Amino acid sequence: MTSDHDETHGVSRRKILECMTWAGTGVLWTIAGGVPRSTGLIGEAQAAEPSGLTFLQISDSHVGFDKPANPNASGTLEEAINKIKALPVKPAFVLHTGDITHLSKLSEFDDADRIISQARLDVHYVPGEHDVIDPEQKLYRERYGRGAKGAGWYSFDANGVHFIGLVNVVDLKAGGLGNLGNDQLEWLESDLKGRSASTPIVVFAHIPLWSVYPQWGWGTDDAARALDQLKRFGSVTVLNGHIHQIMQKVEGNVTFHTAMSTAFVQPAPGAQPSPGPMKVADDKLRSLLGITDVTFKRGQQRLAIVDQPLQG
Amino acid sequence: MTKIAKHIRVAAILAATVFAAAATLPAASARAPETEVKIDNFAFAPQRIVVQAGTTVTWINADDAPHTVASSTKVFKSGALDTEDKFSFTFTTPGTYEYFCSLHPHMTGTVVVEAAAAGNAAQ
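Chain order of the listed sequences is A and P.
FYI, the numbering used here numbers position 179 of the first sequence as 180, with every residue one higher than the one before it.
FYI, the numbering used here numbers position 26 of the second sequence as 30, with every residue one higher than the one before it.
It is possible that part of the hints are untrue.
Derived DSS-like pairs: lysine-lysine, alpha-carbon spacing no greater than 27 Å straight-line [as the list claims (entries may be wrong)]:
#1 A/150 to A/194
#2 A/298 to A/194
#3 A/84 to A/68
#4 A/298 to A/86
#5 A/139 to P/90
#6 P/90 to A/280
#7 A/280 to A/84
#8 P/42 to A/106
#9 P/78 to A/150
#10 A/86 to A/285
#11 A/106 to P/90
#12 A/139 to P/81
#13 A/232 to A/250
#14 A/250 to A/285
#15 A/139 to A/150
#16 P/81 to A/68
#17 A/106 to A/280
#18 A/139 to A/68
#19 P/42 to A/68
#20 A/106 to P/78
#21 P/78 to A/139
#22 A/174 to P/81
#23 A/150 to A/106
#24 P/42 to P/90
#25 P/42 to A/174
#26 A/280 to P/42
#27 A/106 to P/81
#28 A/174 to P/78
#29 A/298 to A/84
#30 P/90 to A/68
#31 A/174 to P/90
For the chain A half of the interface with chain P, some residues (derived, Cβ under 7 Å), not all of them [unchecked claim]:
#32 104
#33 130
#34 134
#35 136
#36 173
#37 175
#38 177
#39 218
#40 274
FYI, nobody ran anything at the bench for these hints, they're computed from the structure.
Here the structure is a predicted model, which is why all the values come from computation and not from measurement.
Built from N, CA and C at the ideal position, the CB exists for glycine as well.
This is chain A alone, in the form it adopts within the complex (with noise of 0.2 Å):
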């Protein structure tokens, strides 16, 4: 339907850019019609001076991870916090992407909150399948998941732009990927229903919603369901974390993106045996760790996405 277009500044045929990048540097992607550009690294997108919505997105902390690949991964979660604290524009709020926790435990859920709070800000958390392996499924819902639906998904609006958490990582198949299922994806229609087509969307979860690596379980199998209903509207940023690295890819109006770990890093698809945590050299470690940086500018249609490690 290329009426689905109008909004986007009559941008009706895009070719399809899939962007890997791995971290080491940060690169400011900006997104003006859907069509991303590099324009430049962390220390100019620094020097601009956004106007509009910043907020922030962290992933993957793992608060409990005590493994060789990083043995303080509370340490480095401060670390990010920190880098958060110093930033020249603050955000509006932060999107935690999941994987809060290592183990789901009451005292890592503690730890984590008591890391985070230093920051400030309003946080907005979606659960990864780490943050929901204690025994009665609770802990993260009686923690974050106060007025959610379902598993914990909910949506807000912040300065014009609808954000849609969603969950998952429960009631996964096996054999199978991410998993939404229906209530979640009756409750997405339902909560997008009657929005203006021209309203930017931020949809935010754990596992990826496109398909990255299957082998890996790196997808989710009924994310398809999910973004068609997201088609007809012109600015759709999703934001995942999981994969513990940098990934982009466009496709029509949609952009995805994955977040970089607090915690560790884990190696490209199908670099190693398996998707485990991967001990890095030690002075290359901060280097692959880091938060994400969103800018949206409004009348403009553009969505800026800079990925900052947490050194060098």
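On the provided structure of chain A, position chain P as indicated by the hints.
Chain P alone, transformed into the frame defined by chain A:
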């Protein structure tokens, strides 16, 4: 030296006792069968095992990531297994049991339980 000799003597007596028991009783009475499945590199190894009814299967997680062992038909389910954690389940009923890791559901495995040999059926 005498201590070692004593150990050898005790071991010999034990061995003789076990041998005698094995000769007169059904083998399964001597020891319930056990087997292990390793969880390594986000995979169950061996991925498929065939055991006799009454076998206790123990899964051991060798990964730096937690995993679970969950029956697809909810017959059994472990909690989160951190590195080196174990989970055991005794299969008493013949059948084919599919299972997976509920955290990483692309990890799947199968336990085929065969009826125990005639002598092993006794409880």
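Results for each hint:
For the hint pairing residue 150 of chain A with residue 194 of chain A, the CA-to-CA distance comes to about 17 Å; that is within 27 Å, so the pair holds. The hinted pair formed by residue 298 of chain A and residue 194 of chain A meets the criterion: a straight-line CA distance of about 24 Å does not exceed 27 Å. Distance restraint check for residue 84 of chain A and residue 68 of chain A: the Cα-Cα separation of roughly 24 Å lies within the 27 Å cut-off, and the hinted pair is therefore satisfied. Pair hint residue 298 of chain A plus residue 86 of chain A holds up; C-alpha atoms about 22 Å apart against a cutoff of 27 Å.
With a CA separation close to 23 Å, the supplied pair residue 139 of chain A and residue 90 of chain P stays within the 27 Å bound. Between residue 90 of chain P and residue 280 of chain A the alpha-carbon distance is near 24 Å, which keeps this suggested pair within the 27 Å criterion. For the hint linking residue 280 of chain A to residue 84 of chain A, the alpha-carbon distance of about 23 Å falls within 27 Å, and the restraint holds. Using a Cα cut-off of 27 Å, the hinted pair residue 42 of chain P and residue 106 of chain A holds, with the two alpha carbons roughly 25 Å apart.
Annotation: proposed proximity of residue 78 of chain P to residue 150 of chain A holds, straight-line Cα distance about 25 Å (limit 27 Å). A distance of roughly 23 Å separates the Cα atoms of residue 86 of chain A and residue 285 of chain A; the hinted pair therefore holds under the 27 Å criterion. Taken as a hint, the residue 106 of chain A and residue 90 of chain P pair is honoured in the structure, with Cα atoms around 18 Å apart against an allowance of 27 Å. Note on residue 139 of chain A and residue 81 of chain P: the hinted pairing holds, with a Cα-Cα distance of about 17 Å set against a maximum of 27 Å.
Distance restraint check for residue 232 of chain A and residue 250 of chain A: the Cα-Cα separation of roughly 16 Å lies within the 27 Å cut-off, and the hinted pair is therefore satisfied. With a CA separation close to 25 Å, the supplied pair residue 250 of chain A and residue 285 of chain A stays within the 27 Å bound. Using a Cα cut-off of 27 Å, the hinted pair residue 139 of chain A and residue 150 of chain A holds, with the two alpha carbons roughly 14 Å apart. Pair hint residue 81 of chain P plus residue 68 of chain A holds up; C-alpha atoms about 25 Å apart against a cutoff of 27 Å.
Distance restraint check for residue 106 of chain A and residue 280 of chain A: the Cα-Cα separation of roughly 24 Å lies within the 27 Å cut-off, and the hinted pair is therefore satisfied. Distance check on the hinted pair: residue 139 of chain A and residue 68 of chain A sit about 26 Å apart at the alpha-carbon level, within 27 Å; holds. At roughly 19 Å between alpha-carbon atoms, residue 42 of chain P and residue 68 of chain A fall within 27 Å of each other, so this suggested pair holds. With a C-alpha separation of about 24 Å, the suggested pair residue 106 of chain A and residue 78 of chain P falls inside the 27 Å cut-off, and the hint holds.
A distance of roughly 20 Å separates the Cα atoms of residue 78 of chain P and residue 139 of chain A; the hinted pair therefore holds under the 27 Å criterion. As the CA atoms of residue 174 of chain A and residue 81 of chain P are separated by approximately 14 Å, the hinted pair is consistent with the 27 Å bound. The hinted pair formed by residue 150 of chain A and residue 106 of chain A meets the criterion: a straight-line CA distance of about 23 Å does not exceed 27 Å. With a CA separation close to 9 Å, the supplied pair residue 42 of chain P and residue 90 of chain P stays within the 27 Å bound.
Note on residue 42 of chain P and residue 174 of chain A: the hinted pairing holds, with a Cα-Cα distance of about 21 Å set against a maximum of 27 Å. Annotation: proposed proximity of residue 280 of chain A to residue 42 of chain P holds, straight-line Cα distance about 22 Å (limit 27 Å). Between the alpha carbons of residue 106 of chain A and residue 81 of chain P the distance comes to roughly 18 Å, so the proposed pair stays at or under 27 Å and holds. Proposed proximity of residue 174 of chain A and residue 78 of chain P is supported: the alpha carbons are some 12 Å apart, at most 27 Å.
Note on residue 298 of chain A and residue 84 of chain A: the hinted pairing holds, with a Cα-Cα distance of about 23 Å set against a maximum of 27 Å. A distance of roughly 18 Å separates the Cα atoms of residue 90 of chain P and residue 68 of chain A; the hinted pair therefore holds under the 27 Å criterion. A threshold of 27 Å between alpha carbons decides the hint, and for residue 174 of chain A with residue 90 of chain P the separation of about 22 Å falls inside it, so the pair holds. Because the closest C-beta pair between residue 104 of chain A and chain P is about 6 Å apart, less than 7 Å, the hint holds.
Taking 7 Å as the C-beta contact cut-off toward chain P, the hint placing residue 130 of chain A at the interface holds, the least distance being around 5 Å. Given hint, residue 134 of chain A at the interface with chain P, holds; its Cβ is 4 Å from that chain's nearest Cβ, closer than 7 Å. Interface hint status for residue 136 of chain A: upheld, as the beta-carbon distance to the closest one in chain P is roughly 6 Å, under 7 Å. Checking residue 173 of chain A against chain P by beta carbon gives a least distance of about 4 Å; that is within 7 Å, so the hint holds.
Hint status for residue 175 of chain A: holds, given a least beta-carbon distance of 4 Å to chain P, under 7 Å. Restraint check, residue 177 of chain A versus chain P: the minimum CB separation of about 5 Å is within 7 Å; hint holds. A cut of 7 Å between beta carbons decides the hint on residue 218 of chain A: the least distance to chain P is about 4 Å, and the hint holds. The interface hint given for residue 274 of chain A is met, as the beta carbon of that residue sits about 5 Å from the closest beta carbon of chain P, less than 7 Å.
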